[in-house]
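Visitor: Sequence:
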Amino acid sequence: MSLFDTFSATQLATLAAAYFIAALVKGITGLGYSSTCLPILTLAFGLKEALPLVLIPSVSSNFTVMFTTPGFKASARRFWPMLVSAAIAIFIGLWTLTRVRGESAAAVLGAVLLCYVAFALTNARFRLSEARTQRFEPAIGAATGFLNGLTGSQVMPLIPYLLSLDLARERFLQVSNQSFTLCSAAMFIGLGLTGLMTLHAAAVSACGVLLVVLGVNIGRRIGQHLAPQAFRTAVLVVLGALGMGLILRAMGWV
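Position one of the sequence shown corresponds to residue 0 (numbering that gives the first Met the number 0), numbered consecutively onward.
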């Protein structure tokens, strides 16, 4: 039996398109890979089925950024309490996911997407003192990890918090991708323990890495000839629509 025999032609096309489009968007705008890919796959397959399919391509895109950006050791030393608490909380989120309806968790993903889109589109900016807020970072990490385990989203409240610290661009990229990578590793283990990550799903997910590499490279070239901010805004609007679609589906309205 072929690796892809369990998918229809339409599902295979959707899977390949989601992998490639998310990589293209990341290459053009820098938006997180899973933030684009996961809602598409969730609408097509359901959240519990989509999580293992998006994991390996997402990790490959995060590794590239993390190991090509300076400051790995310094960032890990500074933010380790937040990173560790996020990884631990993922298992609590996954435990919760196995005990709720997939549609309910998908609705939470939709709500998280809408919050992220609203934050990004309004370009909201607030400044926090790094010295004063450091004690709260384990809680920020735990909240991010729990939502990651429950919904697959890795951005809230991590990204708004890091932006509020007004970090240098390289430090921001390093810390955020350390969080994404560590949480993805914890998610891989957790999905295996809960039975959501099968060898078949892992193999299909691994095949998506080629589309990620291709999409990111093409996206970077396209980005040189586009207005990235306008394209980013359009993508965020689409993500907002996908988030609303997840909520409406959970309510039985679509």
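Just so you know, these hints were derived from the structure itself, not from any lab.
What you are looking at is a predicted structure, and each value in this text was computed from that prediction instead of being measured.
Watch out, some of these pointers could steer you wrong.
Here are the simulated SDA-like cross-link-like pairs (lysine to any residue), alpha carbons at most 20 Å apart as the crow flies [what the hints assert, rightly or not]:
| # | residue 1 | residue 2 |
| --- | --- | --- |
| 1 | 47 | 101 |
| 2 | 72 | 30 |
| 3 | 47 | 166 |
| 4 | 47 | 225 |
| 5 | 47 | 169 |
| 6 | 47 | 246 |
| 7 | 72 | 180 |
| 8 | 47 | 184 |
| 9 | 47 | 171 |
| 10 | 47 | 200 |
| 11 | 47 | 15 |
| 12 | 47 | 84 |
| 13 | 47 | 6 |
| 14 | 47 | 72 |
| 15 | 72 | 5 |
| 16 | 47 | 230 |
| 17 | 47 | 201 |
| 18 | 72 | 62 |
| 19 | 47 | 247 |
| 20 | 47 | 161 |
| 21 | 72 | 10 |
| 22 | 72 | 169 |
| 23 | 72 | 6 |
| 24 | 72 | 84 |
| 25 | 47 | 90 |
| 26 | 72 | 212 |
| 27 | 47 | 197 |
Visitor: Within 20 Å, alpha carbon to alpha carbon, are residue 72 and residue 10?
Guide: Measuring from Cα to Cα gives roughly 41 Å; hence the hint is violated.
Visitor: Does the alpha-carbon distance linking residue 47 and residue 225 stay inside the 20 Å limit?
Guide: It is violated: about 35 Å lies between the C-alpha atoms, which goes past 20 Å.
Visitor: Taken at face value, is the distance from the CA of residue 180 to the CA of residue 72 at most 20 Å?
Guide: With a Cα-Cα distance of about 15 Å, the restraint between residue 72 and residue 180 holds, given a limit of 20 Å.
Visitor: Are residue 47 and residue 90 close enough, with their CA atoms no more than 20 Å apart?
Guide: The given pair, whose Cα atoms are some 15 Å apart, holds under the 20 Å limit.
Visitor: Can the restraint linking residue 47 and residue 171 be considered satisfied, given a maximum Cα separation of 20 Å?
Guide: With Cα atoms ~30 Å apart, residue 47 and residue 171 exceed 20 Å; violated.
Visitor: Verify the proposed pairing of residue 47 with residue 161, using a straight-line Cα cut of 20 Å.
Guide: With Cα atoms ~29 Å apart, residue 47 and residue 161 exceed 20 Å; violated.
Visitor: Given the hint that residue 72 pairs with residue 5, does the C-alpha gap stay at or below 20 Å?
Guide: 43 Å, violated
Visitor: With a cut-off of 20 Å on the C-alpha distance, tell me whether residue 47 and residue 6 pass.
Guide: 16 Å, holds
Visitor: Against the 20 Å threshold, does the CA-CA distance of residue 47 and residue 72 hold or violate the hint?
Guide: Not satisfied, since the Cα-Cα distance of roughly 34 Å exceeds 20 Å.
Visitor: Given the hinted pair residue 47 and residue 201, is their Cα-Cα distance within 20 Å?
Guide: Distance ~14 Å between residue 47 and residue 201 Cα, so the pair holds.
Visitor: Tell me if the straight-line CA distance from residue 72 to residue 169 falls inside 20 Å.
Guide: 13 Å, holds
Visitor: Hinted pair, alpha-carbon criterion (20 Å max): residue 72, residue 212. Please report holds or violated.
Guide: With a Cα-Cα distance of about 26 Å, the restraint between residue 72 and residue 212 is violated, given a limit of 20 Å.
Of the hints listed earlier, those the structure fails to meet are numbers 2, 3, 4, 5, 9, 12, 14, 15, 16, 20, 21, 23 and 26, in rising order.
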